[in-house]
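With chain G fixed as given, assemble chain U onto it according to the hints.
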Amino acid sequence: MRNWTEWVKEHLPLHDFEAPAARAMVEEVASLLEEVYRAALATGRSPEAADAEARAHIEDWDALAADLGRARRSRRESATHRAAEWADRQLRERGSPATWMADVLLDVRRAARSLARTPVFTTAVVLLLGLGVGANAAILSVLEAVFIKPLPYPAPEEVVTLWSTTVKRDGRGPGSFPDYLDWRRDNRTFQAMGAAQGMLASITEEGVPVQVQGSRATASLFDVFEVKPALGRTIQPEEDASGAHVVVLSYDIWNRLFGRDPEVLGKTLRLSGEAYAVVGVMPKDFVVTSPWNANDRMLFWTPFPTDVTTAFRDSYAYPIYARLRDGVSLQAARDDMERVALHLADAYPETNRTIRVMVSPLHAVLFAGASGPLVMVLGAALLVLLIACGNVAGLLLARGAVRRREVALRAALGASRARIIRELMTESGLLALAGGGVAMVLVTTGIAALRGFLPSTLPRVLDVAVDGPVLGSALALSLLTSLVFGLAPALQAARASHVEALKEGNEGGYRGWRGRVRRGFVVAQLGLTLALLYGTVLLVGSYMRVRQRDQGFDPNNILTASVTLAASRYDTDEARLAFFQEVLARLEALPGVRQAAAVNRLPFEGGTNARITVEGRPVPTDPNERPLVERKTAVGDYLSVMGIPLHEGRSLEVADASGIRGVVINQRMAERIWPGEDPLGKHFTFGDAEPGWLTVVGVAADVSQWGLEWGTLNEAYRAYPLYPQRTMYLALKTDGAPERLVGEVRRTLLALDPNLPLTKIRTGRQLVSDHLDQREFATALIGVFAVLALVLTMVGIYGIISYFVAHQTHELGVRMALGAGRGRLLRYVLGRGLALAGTGVAVGVLGAYSATRVLRSLIFGVSSTSPWTFAGAVGVILTATTVAAWAPARRATRVDPARALQSE
Amino acid sequence: MFTPELKKGSVELLVLALLAEAPRHGYQIGKLIEARSRGLLTFRVSSLYPVLARMEERGWVRGRWVEKGEQRLRFYHLTSPGKAALARKQETWRTYARVIDELTGWSHA
Numbered sequence: 001m002r003n004w005t006e007w008v009k010e011h012l013p014l015h016d017f018e019a020p021a022a023r024a025m026v027e028e029v030a031s032l033l034e035e036v037y038r039a040a041l042a043t044g045r046s047p048e049a050a051d052a053e054a055r056a057h058i059e060d061w062d063a064l065a066a067d068l069g070r071a072r073r074s075r076r077e078s079a080t081h082r083a084a085e086w087a088d089r090q091l092r093e094r095g096s097p098a099t100w101m102a103d104v105l106l107d108v109r110r111a112a113r114s115l116a117r118t119p120v121f122t123t124a125v126v127l128l129l130g131l132g133v134g135a136n137a138a139i140l141s142v143l144e145a146v147f148i149k150p151l152p153y154p155a156p157e158e159v160v161t162l163w164s165t166t167v168k169r170d171g172r173g174p175g176s177f178p179d180y181l182d183w184r185r186d187n188r189t190f191q192a193m194g195a196a197q198g199m200l201a202s203i204t205e206e207g208v209p210v211q212v213q214g215s216r217a218t219a220s221l222f223d224v225f226e227v228k229p230a231l232g233r234t235i236q237p238e239e240d241a242s243g244a245h246v247v248v249l250s251y252d253i254w255n256r257l258f259g260r261d262p263e264v265l266g267k268t269l270r271l272s273g274e275a276y277a278v279v280g281v282m283p284k285d286f287v288v289t290s291p292w293n294a295n296d297r298m299l300f301w302t303p304f305p306t307d308v309t310t311a312f313r314d315s316y317a318y319p320i321y322a323r324l325r326d327g328v329s330l331q332a333a334r335d336d337m338e339r340v341a342l343h344l345a346d347a348y349p350e351t352n353r354t355i356r357v358m359v360s361p362l363h364a365v366l367f368a369g370a371s372g373p374l375v376m377v378l379g380a381a382l383l384v385l386l387i388a389c390g391n392v393a394g395l396l397l398a399r400g401a402v403r404r405r406e407v408a409l410r411a412a413l414g415a416s417r418a419r420i421i422r423e424l425m426t427e428s429g430l431l432a433l434a435g436g437g438v439a440m441v442l443v444t445t446g447i448a449a450l451r452g453f454l455p456s457t458l459p460r461v462l463d464v465a466v467d468g469p470v471l472g473s474a475l476a477l478s479l480l481t482s483l484v485f486g487l488a489p490a491l492q493a494a495r496a497s498h499v500e501a502l503k504e505g506n507e508g509g510y511r512g513w514r515g516r517v518r519r520g521f522v523v524a525q526l527g528l529t530l531a532l533l534y535g536t537v538l539l540v541g542s543y544m545r546v547r548q549r550d551q552g553f554d555p556n557n558i559l560t561a562s563v564t565l566a567a568s569r570y571d572t573d574e575a576r577l578a579f580f581q582e583v584l585a586r587l588e589a590l591p592g593v594r595q596a597a598a599v600n601r602l603p604f605e606g607g608t609n610a611r612i613t614v615e616g617r618p619v620p621t622d623p624n625e626r627p628l629v630e631r632k633t634a635v636g637d638y639l640s641v642m643g644i645p646l647h648e649g650r651s652l653e654v655a656d657a658s659g660i661r662g663v664v665i666n667q668r669m670a671e672r673i674w675p676g677e678d679p680l681g682k683h684f685t686f687g688d689a690e691p692g693w694l695t696v697v698g699v700a701a702d703v704s705q706w707g708l709e710w711g712t713l714n715e716a717y718r719a720y721p722l723y724p725q726r727t728m729y730l731a732l733k734t735d736g737a738p739e740r741l742v743g744e745v746r747r748t749l750l751a752l753d754p755n756l757p758l759t760k761i762r763t764g765r766q767l768v769s770d771h772l773d774q775r776e777f778a779t780a781l782i783g784v785f786a787v788l789a790l791v792l793t794m795v796g797i798y799g800i801i802s803y804f805v806a807h808q809t810h811e812l813g814v815r816m817a818l819g820a821g822r823g824r825l826l827r828y829v830l831g832r833g834l835a836l837a838g839t840g841v842a843v844g845v846l847g848a849y850s851a852t853r854v855l856r857s858l859i860f861g862v863s864s865t866s867p868w869t870f871a872g873a874v875g876v877i878l879t880a881t882t883v884a885a886w887a888p889a890r891r892a893t894r895v896d897p898a899r900a901l902q903s904e
Numbered sequence: 001m002f003t004p005e006l007k008k009g010s011v012e013l014l015v016l017a018l019l020a021e022a023p024r025h026g027y028q029i030g031k032l033i034e035a036r037s038r039g040l041l042t043f044r045v046s047s048l049y050p051v052l053a054r055m056e057e058r059g060w061v062r063g064r065w066v067e068k069g070e071q072r073l074r075f076y077h078l079t080s081p082g083k084a085a086l087a088r089k090q091e092t093w094r095t096y097a098r099v100i101d102e103l104t105g106w107s108h109a
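These protein sequences, in sequence, are chains G and U. Counting with the working numbering, you get residues 1 to 904 for the letters of the first sequence. Counting with the working numbering, you get residues 1 to 109 for the letters of the second sequence.
Only chain G is shown next, with the shape it has when bound in the complex:
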């Protein structure tokens, strides 16, 4: 007897007889033929005749193969299918690592081909992932550089700052030198404690005077940071408060001024004209900044002068740094310093009765304050990622629905469930990698763009760069997103009964569990977008309110710059005053300069304040209950230059430096100190350090000294000799654009003093915008993310409504056949979209409420629960939904009822 199985295999044009389904077919056809043969033999035919009879049962092998293919709902098996079957066999045989690798490669090739067959889907998912992940990675890298990166010292968490505060803990200031010495001697919780004091000096760099920021430092300050010098030594204990002219260089200044000369030790550095011997160079990554401004890096360190030992106990001017002993908690240190402070309060009741110590980690001091806006921006970026994920998940689900039949067919042909899941997950993985790639491109270009846009006031802003961990986390985030949202559709596709799937049509975009999940995603997206929009509206409103606030001066046609006079060259107050008067006279002589003046603090620059005693009023026993007044000093008519209106009396005159000692106060001070009285002619004094009454001669408008969001403070402007300062700001009122005068002003100053650097050159408008830049940054970025969220959500709505229309063609046709007009159909479909939007809004109310809580610190002058604001955000959502649903809805109205009814 003929081997029927081999005979069938020879003739039946199937591609792979080893596939289980094909093998079953061959076996059964062979078995039937054999039965025919046997039956023929049984009726007495010859074996040849029986064989011929059996063979006659199959006239056309191609037709049989086609029938069988149809029976199995098979299509012509493609090369990729055969490849997968081959891989299946390898898997069954539990092959070597080589076959495993071959499997993986095969999977990747298959997945790539499958994705390439649906370019729109693939592009959409890759772009969505790239956008969502890229935005987050960019913001994360800013956060990483600015806030998360630890300080560049060993065990940085042990480094703290100590501040003077009051019993009520209402504010903090630097320490006084005598207090510092006692804190250092009496504490039991710190292994090292050091004092510093900022020191501006001018140096000459390539022939041009430049102002640099350095610091006086105690020897112990370097013990706090535990960083060894790269060259030479640091300041020695015997040099403390010696005024020794030795200097320790930062790497930066060593590079700039000495070209990293290894023989630099013993060479001379001239600081504001005085010679200092270089004794050491700190390593490259050693960075110490001002505790008030993390961008203000110290470029050199010198010992304190001798007079620091005679500093007043209530002269709070010295930032104090300390390092906790190993294993000592912050709380233990705080308790310890409370004990020390109470002891000092007993010992020096005059000055220390109400003074306590605040212990704060240096990292928190430098970065906590500015983190708020960035964290908000990151939050907005995360929402965008979630919304993008919603779209990706929706697309994967829809693809899963479309591919159910394909997957079921593969299952029917013998692919195992694990195998199918693996293939689908390989696709997700490829999508993730591509998305991650797009994200990386976005991050690298985005950071470059962001660097120009980042507020210069952001701490460590110069360190913002693309780094490995951020790129790695971008990739990981993309993989995670895509795998998580790819797994559910893969599991579902593999689990589905293939019989059901093969019978079923391409349903599953709107109805069924997929539809529910997709609609759930769209609702969630709408909710998140509403929250983001609402937050944006509040931020933009706050920004406009802040801009509208009267800053108290006219910022137009103003040029300002800072100068610090060297103590060695201008050793008396008279010399300094004479210098400023000369500078102002020369500046006013420049064409284009209308008027010039000098002041110790510009608006938004903060200030220094002191407590006053008012004539004829009892002096409160607690010095902290005396009124606080900001101390301003001016040369020339500063009020007139800055356009600060004078409400009563007159401006300062040169004669006010003596005699009646005239002073101009601000409106707020007049109202607070002398309510209902005429303040002109009243007397007050700043106390013992500056004896003698001051006489109020004028009342000026309030100026925002600390910031537009802050209330104004009491202010008193005095003539320069009454409160002389080495660092002053020049302010010019110009005729045209103030920027054009910068060169002339610089030349004018150099002509007077070739060693005098001009720094912080800004126009009046820049003063305002610098102050607002962090708010602008956060508002603009969150606004961009809100728009992005809105667009992504609209894409999601468009997708789901398109599916609805595509799969409801029959129902729409019936409705139309029953007489529903096009307008009615349009409303019906749009209604579907708006129903989703309604649910989204309901969800979003909660989100919007939480948004107001997160944004609280940036909300200014607008109600965070205003129904109008909310209605506006909801209006945007509903409009966006209508726009997104419009195209599919229009498509629905163009359904041809006759064809729609056939289509079922």
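Don't take every hint at face value.
[Unchecked claim] Within a straight-line C-alpha distance of at most 30 Å, the following computed DSS-like cross-link-like pairs (lysine-lysine) qualify:
hint : chain 1 : residue 1 : chain 2 : residue 2
1    : U       : LYS31     : G       : LYS9
2    : G       : LYS9      : U       : LYS68
3    : G       : LYS760    : G       : LYS284
4    : U       : LYS83     : U       : LYS31
5    : U       : LYS31     : U       : LYS68
6    : U       : LYS89     : U       : LYS31
[Stated by the list, open to error] Here are some of the chain U residues that sit facing chain G, going by a computed Cβ distance under 8 Å:
hint : residue
7    : GLY26
8    : TYR27
9    : ARG44
10   : VAL45
11   : SER46
12   : TYR49
13   : PRO50
14   : ARG54
15   : GLU57
16   : LYS68
17   : GLY69
18   : LEU73
19   : ARG74
Derived by calculation from the structure, the hints in this document are not laboratory data. Predicted model, so just to flag it, every value in this text is computed and none were measured. All residues carry an ideal CB built from backbone N, CA and C; glycine is no exception.
Chain U in isolation, oriented as in the chain G frame:
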């Protein structure tokens, strides 16, 4: 005289009806159809087997290999979806036949 479509529809009905009586293997089914149709439907492996495969794919019948002597035969039995399909087909067929009868004026006593 029978179109392929009609044949296909009727073959399915016949197979279902045969399997409703007892599980049978493919050759038996083919031979029984040939006999009961009085030769109007001839048995060919190439036409029968795809029908069986299709019906199994739909879940109407289920096949099982049985060793019989030195031979392996595939026996099919009716599943409950298959029973339901049979009932539907019989109903359709009866209705069809009745309508044709009425239209062509043949009457039954």
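These are the hints, each one checked on the structure:
no., hint, result
1, LYS31(U) / LYS9(G), "holds, 25 Å"
2, LYS9(G) / LYS68(U), "holds, 23 Å"
3, LYS760(G) / LYS284(G), "holds, 26 Å"
4, LYS83(U) / LYS31(U), "holds, 22 Å"
5, LYS31(U) / LYS68(U), "holds, 19 Å"
6, LYS89(U) / LYS31(U), "holds, 22 Å"
7, GLY26, "holds, 5 Å"
8, TYR27, "holds, 4 Å"
9, ARG44, "holds, 5 Å"
10, VAL45, "holds, 4 Å"
11, SER46, "holds, 4 Å"
12, TYR49, "holds, 6 Å"
13, PRO50, "holds, 4 Å"
14, ARG54, "holds, 4 Å"
15, GLU57, "holds, 6 Å"
16, LYS68, "violated, 10 Å"
17, GLY69, "violated, 10 Å"
18, LEU73, "holds, 6 Å"
19, ARG74, "holds, 5 Å"
Of the numbered hints listed earlier, those contradicted by the structure are 16 and 17.
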